[in-house]
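Going down the list, the protein sequences come from chains A and B.
Start counting the first sequence at 55; every next residue gets the next number (this note's numbering).
Start counting the second sequence at 3; every next residue gets the next number (this note's numbering).
By construction, these hints were calculated from the structure, which means they are not laboratory data.
C-beta: ideal position from N, C-alpha, C; glycine also.
Some clues are possibly wrong.
To be verified - Chain A is nowhere near these chain B residues, computed Cβ spacing over 12 Å in every case:
id, residue
1, Arg-91
2, Ile-231
3, Ala-280
4, Phe-284
5, Arg-402
6, Pro-464
To be verified - Just the calculated beta-carbon pair ranges, DEER-fashion:
id, chain 1, residue 1, chain 2, residue 2, range
7, A, Leu-80, B, Leu-517, 28 to 36 Å
8, A, Leu-94, B, Gly-219, 34 to 42 Å
9, A, Leu-80, B, Glu-308, 54 to 62 Å
10, B, Asp-232, A, Met-90, 35 to 43 Å
11, A, Asp-76, B, Leu-11, 49 to 57 Å
12, B, Asn-534, A, Asp-76, 17 to 25 Å
13, A, Leu-94, B, Gly-481, 48 to 56 Å
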Amino acid sequence: MSREPGPVFLERRTYRRRRMADAARLLPVIGAVLFMLPLLWLDPSDGQPQTSTTAVMFFVFGAWIVLVAVAAAISRNLSDPQDPPSSGGR
Amino acid sequence: MATLNVLILVCLLYVVFLFAIAFAADRAARRGRGTWLRSPVIYTLSLSIYCTAWTFYGAVGSAARSGLEYLTIYLGPTLVMIGWWWTLRKMVRVGRSQRITSVADLISSRYGKSNLLAVFVTVLAVIGTTPYIALQLQSVTLSFATFAASDPTTTDLPNQQATALWVALGLAVFTILFGTRNLDANERHHGVVMAIALEAVVKLAALLAVGVFVVWGLGGGIGATLDRIDASPISTWEQSGSRWVGLTMLSAAAFLCLPRMFQVMVVENEDEGHLRTAAWAFPGYLMLMSLFVVPIAAVGLDVLPEGANPDLFVLTLPLQEGRDWLAILSFIGGFSSATSMVIVAAIALSTMVSNHVVMPVWLHMSGGTAVMSGDVRNVALLARRLSIGGIVLLGYLYFRLSGGGTALAAIGLVSFAGVAQFLPALMGGLFWRAANRTGALAGLGVGFLVWLYCLFLPSFGPSAILPQSVFDHGLFGQGWLRPQALFGAEGMDPLVHAVMWSMLLNTVVFVLVSLISFPRPVERLQGAQFVNVFEHSGTTPGWSGGLARSEDLMIMSQRIMGAREAQALFAAAARNQGLGGYLPEPTPDFLQELERALSGSVGAATAHAMISQIVGGATVSVEDLLAVADETAQIMEYSSRLEAKTQEQERTARQLREANRKLTQLSVQKDAFLSQISHELRTPMTSIRAFSEILRDSDGLDGAEKSKYAAIIHDEAIRLTRLLDDLLDLSVLENGQVVLNRQSGRLSDLLDRAVAAAGGSSGDFEIVRDRSAEDVMLMTDLDRLAQVFINLISNARKYCDAERPALSIRPKREGGDVVIDFVDNGSGIPTDQQSVIFEKFSRIGETKAGGAGLGLAICREIMARLGGTIAYLPGQSGAAFRVTLPDVAATPRSVPA
């Protein structure tokens with residue numbers, strides 16, 4: 055089942071697109087980390103000043119907007135979803 | 003004051019408008035106009051059916067109760083969408099290339115077109131979705147009732163059940179009208195998609211309008227609203243971490259598995275490129291949907307009287323403030339959310355029910371002859387319409403029976419957890435080739451049971467279905483089987499607990515059973531097709547239609563796809579095959595194409611069954627194909643054996659040719675020898691005769707002359723005798739009549755003798771010897787061996803053509819053998835002659851010496867008798883012969899002198 059090795063050097067445009075695909079794969083991971091981040095601000099011990107809902111709201115929505123913007127930028131540069139015969143990134 | 007009548011009027015107008023839009027869109031699409039219908043924006047908006055009435059109203063309610071937790075329901079899908087490159091891209095590609103009609107069809111198709119699996123998934127989907135439909139009906143009736151209650155002109159409240167029934171009926175009619183226009187579920191329902199896209203805009207606009215009103219109208223601007231939030235009961239961030247993570251994952255899983263999401267995302271997908279836009283636009287939509295939820299909740303909690311249902315804040319806030327038109331807009335938004343969900347869910351489920359339950363049953367009942375029995379197309383359409391009616395009715399019944407209480411509100415997440423059970427089978431099917439049917443069935447079964455026991459049944463409350471004792475002490479009194487503390491996992495949130503155990507056990511069982519069981523060939527083929535869909539968006543093999551009758555296929559296809567489409571398909575196929583008319587040859591390619599086309603209408607499993615009915619006896623099952631492959635393998639093996647045999651024969655032929663060549667060469671040599679030997683014999687005979695005649699006839703010869711002539715005669719006679727002796731000797735040796743006279747002697751002595759006998763070493767012929775190596779005792783027939791040595795030495799003397807001829811004798815021990823090389827410094831023996839020099843009568847060219855050519859032949863025979871060999875040693879400085887004596891013949895001296 056060995057896949058044929060592709061060329062080592064790619065055309066600049068193709069190279070760019072591959073890296074964009076890598077970025078597209080990475081983005082949800084970053085998103086998940088960002089969305090889970092507020093859990094670290096939870097303070098189980100009483101008596102401490104607690105994080106306010108509005109602060110978390112600002113953070114989550116800010117992260118959300120950034121994710122949407124980055125996703126838009128990435129998908130704009132990912133020209134054709136039908137193109138790569140090799141779904142594995144190189 | 004807004005009256006209920008105004009609301010009803012607006013609502014009806016809105017519904018009429020929706021019908022008109024759907025109708026217009028369908029018409030435009032059918033006429034080939036309206037490319038904007040296929041734009042990525044419409045696709046993105048159609049995905050918004052994820053935001054149902056449960057989220058439209060419920061998000062605010064959830065925020066009022068538990069702060070920001072409602073966000074998880076949107077964060078999960080957001081992550082899935084921006085991670086489209088991982089899963090959605092593949093799912094859409096598979097769905098399009100395999101003409102998948104539903105999530106059940108995808109799973110069944112992946113696992114070898116198993117209808118059992120499809121039925122299982124369908125049943126699970128119906129169980130998971132029905133409460134959800136009930137929830138939508140409830141939200142509409144509830145909001146309607148809220149409106150009615152606030153209207154001072156109405157005295158009696160409308161009957162909730164009646165409202166729900168009317169809504170259900172309207173939805174069923176709409177769905178049947180626009181959802182079953184064409185049978186091919188793979189063809190887009192442009193009307194429906196257009197309508198839900200419009201509803202998506204309406205619900206977003208409604209929620210944003212209410213949000214803007216609340217923040218700037220009631221809250222007094224952004225800063226003031228934030229202060230209100232800080233002052234509200236939900237001001238602090240007190241989220242349960244496990245619920246935050248668990249719900250995000252659950253909503254992400256449900257987003258991929260919900261039948262209605264699959265419908266809009268994969269089945270209605272027009273172009274894979276649309277995903278690229280939806281990947282960021284839909285998260286944006288979700289973000290906007292959830293943006294004003296917390297402010298609305300906080301302000302609602304502040305403004306509205308204690309005890310007001312927070313689930314209806316979106317509606318009651320404008321009503322309370324007398325903003326009737328805003329309230330109506332809000333109502334329409336909620337109405338849109340509810341209706342679009344019900345419509346798409348009903349289409350998705352009806353496709354599943356009719357394709358995987360009704361059609362197979364009907365095919366079975368009608369005796370399995372799709373050709374002869376009535377119009378399949380009508381049956382399929384009817385089945386789908388009845389299914390839609392049935393599903394909406396089921397939702398209505400559920401709503402009635404459950405009483406529409408708060409228990410229903412909790413069912414949203416329960417339903418999510420139910421459909422999320424598809425996830426392992428779905429993802430495993432897309433990414434893991436070894437995933438198989440047995441594993442999928444086992445995993446789904448276990449996941450479903452755990453979900454049923456830990457979440458679904460307990461959701462009705464204690465003692466409703468499960469008795470209280472089961473909650474306290476577990477099933478059959480087994481403490482580790484308590485539905486909300488399975489395996490002793492106490493103190494967990496019941497939902498997270500159930501999701502964790504069901505998904506965990508589901509996945510583990512799925513993987514383990516897949517590992518230990520063996521997939522059928524069809525599964526393996528489909529697995530390769532699904533997992534490697536980007537390498538080859540090819541097709542599944544399967545049909546060999548040697549005997550299939552194209553006409554029957556055509557009759558059947560017309561009934562399923564409609565006459566025009568079927569004829570077009572058949573004509574195109576015939577054209578491709580280079581035939582005229584409408585009937586192509588039933589080639590495997592064509593049958594496959596046809597199956598694919600049919601599966602768009604009735605699902606992969608049914609299409610497969612239908613074609614196999616017609617192709618009938620000519621159906622080649624994969625087992626048959628494997629048998630054929632086996633046979634082929636055998637034939638290949640046989641032919642490779644033949645090939646080997648041929649090679650052997652070729653080898654033999656080569657050897658024969660070689661032998662023949664040798665024989666011819668020998669024959670030539672023999673002729674030459676015969677003339678030579680007759681010459682050799684005649685020369686002495688001639689001189690013997692001549693001199694004997696002189697002696698007889700001449701008188702007066704003196705004594706000296708007489709004795710001289712007599713000596714000549716004598717010499718010639720000796721020469722003759724020697725020649726004859728040689729011939730005799732050879733013949734004796736060849737016939738094995740020789741008697742060996744074994745003696746022991748030293749090699750050096752033997753060589754001394756041989757050199758002396760062959761004329762000795764002199765100035766014009768030097769013999770180089772290695773005395774120390776010659777110190778070997780031999781036990782053999784020394785005289786015969788000496789004869790060999792003499793022959794070799796005199797040959798060298800005779801034939802060596804060097805200017806200063808020299809022969810080097812090099813004895814050595816090799817292994818146990820004694821090896822004696824005789825190497826001269828002449829030009830050696832040409833390669834083509836090397837093979838014949840040991841033959842009788844062979845002589846090399848017409849050399850000066852002109853021997854009889856028996857010497858080496860005699861040597862070879864002698865060595866064979868002595869148990870050794872003599873061979874020509876190529877690649878030396880000149881002619882080289884190697885005499886090898888076996889070990890037994892040699893006794894080395896222990897101490898050299």
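How the hints compare with the structure:
{"no.": "1", "hint": "Arg-91", "in the structure": "violated, 6 Å"}
{"no.": "2", "hint": "Ile-231", "in the structure": "violated, 5 Å"}
{"no.": "3", "hint": "Ala-280", "in the structure": "violated, 9 Å"}
{"no.": "4", "hint": "Phe-284", "in the structure": "violated, 9 Å"}
{"no.": "5", "hint": "Arg-402", "in the structure": "holds, 38 Å"}
{"no.": "6", "hint": "Pro-464", "in the structure": "holds, 30 Å"}
{"no.": "7", "hint": "A:Leu-80 / B:Leu-517: 28 to 36 Å", "in the structure": "holds, 30 Å"}
{"no.": "8", "hint": "A:Leu-94 / B:Gly-219: 34 to 42 Å", "in the structure": "holds, 36 Å"}
{"no.": "9", "hint": "A:Leu-80 / B:Glu-308: 54 to 62 Å", "in the structure": "violated, 48 Å"}
{"no.": "10", "hint": "B:Asp-232 / A:Met-90: 35 to 43 Å", "in the structure": "violated, 24 Å"}
{"no.": "11", "hint": "A:Asp-76 / B:Leu-11: 49 to 57 Å", "in the structure": "holds, 55 Å"}
{"no.": "12", "hint": "B:Asn-534 / A:Asp-76: 17 to 25 Å", "in the structure": "holds, 20 Å"}
{"no.": "13", "hint": "A:Leu-94 / B:Gly-481: 48 to 56 Å", "in the structure": "violated, 35 Å"}
Hint violations for this structure: numbers 1, 2, 3, 4, 9, 10 and 13, all remaining hints satisfied.
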